[in-house]
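Chains as they are written, first to last, in our numbering: chain A, 717 to 1143; chain B, 1177 to 1478.
What the hints contain is simulated information worked out from the structure, not anything from laboratory work. Everything numeric in this text was worked out from a predicted model, so none of it was measured. We put the CB at the ideal spot given by N, CA and C, even for glycine.
Chain B side only, calculated, beta carbon under 8 Å to chain A, not exhaustive:
1) 1184
2) 1305
3) 1314
4) 1326
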Amino acid sequence: MKNNLIFTLVPYFISVIIFIALNFYNSGTLGDELDFLFKILSPLFLALSFFVIYQAIARFNILRNTFSYGLFFLISIFSFFGLASNINGSHAETSNIFIYGLSFYSALLAFKVHQKSLKFSDLFISSNPLLLISGPISVFFSKVSFGLKKRINYFFPFIFIGFFFFKVISAPMTYYLNMVSFTEPLAILLFAFLFRVFLYFNFAGISLMIYGIFGILGRRIPLNFTQPFSSRNVIEFWRSWHATLSIVLRELFFLPSKKKFNNTYLSIFIVYLASAMWHGMSINFILWGLFHASIFVLTSYILKKGLKILPIVIFLFAIPFGDIMFTDTNIPRLLTKLSNFLSIDFYLGLNMGSFLVAILETPKYVLASTFVGLSIISVEFFGMKNKFVAKRNYKFLRTNLSLSMMLIVMVLLISGQGWEYAAYGQR
Amino acid sequence: MVKDKNIFIKTAFIFLPIYIIFLIDDFYNFDDHGVFQIIETRTEYIEQSENINSIIIGGSNALWGISADQLNSLSDNQFYNLSMHSNGVNYKNYFEYILKSVEPIQAQNIDLIIWSTIHTYLDPPYNDFDRDIAGRLRQSKLIPNQSILSKIYKTFTNQESLHFEVSPSSGDFLFRNFKCPLSDKRYLDRDLIDKISNETYQFAPLGPLENQIKTYKIFFKKYFPNSKIVYVVPSIINPPEILPNQLKFLYDNFKEENFSVLIQQPIQDVKYLCESSHHPNAEGRKIRTTEIYEFLKTNRFL
Chain A
717 MKNNLIFTLV PYFISVIIFI ALNFYNSGTL GDELDFLFKI LSPLFLALSF FVIYQAIARF
777 NILRNTFSYG LFFLISIFSF FGLASNINGS HAETSNIFIY GLSFYSALLA FKVHQKSLKF
837 SDLFISSNPL LLISGPISVF FSKVSFGLKK RINYFFPFIF IGFFFFKVIS APMTYYLNMV
897 SFTEPLAILL FAFLFRVFLY FNFAGISLMI YGIFGILGRR IPLNFTQPFS SRNVIEFWRS
957 WHATLSIVLR ELFFLPSKKK FNNTYLSIFI VYLASAMWHG MSINFILWGL FHASIFVLTS
1017 YILKKGLKIL PIVIFLFAIP FGDIMFTDTN IPRLLTKLSN FLSIDFYLGL NMGSFLVAIL
1077 ETPKYVLAST FVGLSIISVE FFGMKNKFVA KRNYKFLRTN LSLSMMLIVM VLLISGQGWE
1137 YAAYGQR
Chain B
1177 MVKDKNIFIK TAFIFLPIYI IFLIDDFYNF DDHGVFQIIE TRTEYIEQSE NINSIIIGGS
1237 NALWGISADQ LNSLSDNQFY NLSMHSNGVN YKNYFEYILK SVEPIQAQNI DLIIWSTIHT
1297 YLDPPYNDFD RDIAGRLRQS KLIPNQSILS KIYKTFTNQE SLHFEVSPSS GDFLFRNFKC
1357 PLSDKRYLDR DLIDKISNET YQFAPLGPLE NQIKTYKIFF KKYFPNSKIV YVVPSIINPP
1417 EILPNQLKFL YDNFKEENFS VLIQQPIQDV KYLCESSHHP NAEGRKIRTT EIYEFLKTNR
1477 FL
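I would like the entire structure built from these sequences, with the hints used as guidance.
Have a look at this one:
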């Protein structure tokens, strides 16, 4: 018990110090309102409250299960009442300081409660301020057995790659978020595609930095992204994208519903609806969830038939098409966008107006970052036969040569243009 | 495959010094487009002027679109334009600038503030706390304002830099050396005209806008206790329809005795614009300012 506590408490306090330092770096001051103090204390206080409730009901299966689902959907409830932001690419930090980071720590607590494994020491993992910036949901938290020097050698490249992803590629790409208002089919698809690229480098970038920091501190946390664009179908893609959410969804929704209904496809729909509601309580997420559940089922069916190319085609189409729904919480505009795909102009005349304007008007610094991002994604996608790429742990970027090249590109491209925030975080 | 294990360290030894030298150059040779000159020009004038009792604040919409000079000629009040691009980049910069410009003793004498901000139509209100009032990044960020590649590109392509000027006696924007490609026949840009003609706005999300309004109201109450404040929703081209709940939001937020709201008429044609959808040209400014004057007169602010 005592060892467990020290094992989570020490990284917690170091994370608090790093978090304060990051806050200072970002704002230039420690903050007039001492926001960061609330950001640290409110998750800990709420997690402690949930722990006390768990202790009281742990013996009663029905109550415990209900509690775990309640915890998971807490962010959805807050989102439904407008108290928490939906994820839309823009900065989703909640304006309510008392529920800062709720989506991440409530998901972890839900997972642990459901597994009947929640311990007091877990509170310092669930409310660790670094893990609340953008996850991962730390479904495991184990010791890294090798010494400090080796840890630095192994984990520092993850921090560097994460910073490169986040700052050099994703920050300038925030420029594209204005394109959400476009309604011409080609421009919509372009935006949806670029949105996913932006989101990848933003979310994976922060996740890799956090992974590296914890690694150096001697704690192994899940690698939340495992080169998702190395996938060959949507099923693989979602397993390697925000992997820890998939683990939680599997534990809370897939396994119980499979057991109850004995129907895999129904369980898939339940999982995707739960995932949609976690991202935000808005019709667009529900549409997105239903769409991806259908694609998942379709892909699964095709894979069973032994076809290999068709799942790749579906994958390349489904991700951006799904993102058309994912990105737009303005429902009338979303419906216009979707109906434009049924317009004959799309297939005959191809109105390229805003598509071309969008490309021509894009500032060069944004294009440069996009090019670098697409190059990395291309290596992920086309380089699967290479042993470094095939490992799916960014080994191809962690070689000395790759790191040196990234350093040169970073020195040439890094600037204060674009926005820095965690697109998935702090809500 | 490169076997040299130290290649990363060697690369860092070569490129990081280059980066640091560039960082220093970038900070000290930052192109502020004349913002620091504007601050100096205004401060020098205000220091010698004791009669100012009305100020115009806000972002570039107010800088381009409201004339203190015109209001002075129409009324007995003495207006001065303290508006600044992007509302000073963040409210802290902007409040600091206003307070430095209008020292506390003068602040007591200010009895009317025209506050015109595009935040009503922005998503969300813009506050970048990493930058100073000219938009320059803090040195402690250790990141340049533009990349080395951008700098090289601009150097080789001789890109023209925009330069803003204001009139010392009113703080108003001076159009004399500024190109207006939406309306000036000498510099017309057809693509830009098409783009701006079709540009649309949305009403800002109410939560962040309310927070911004609250912050400004606290500032007004603390430093300009004797002042009445008119919140101006600026003229833009193609404004969104303001829905009943948004209208209610605006009036509810300014229902106190000292506050008032003016929702300006849309700009009817790009011929009244300079280079963006909310930057009028001299003619457009005249129209906007006249509407504000009429409002002030009708509501007995003057």
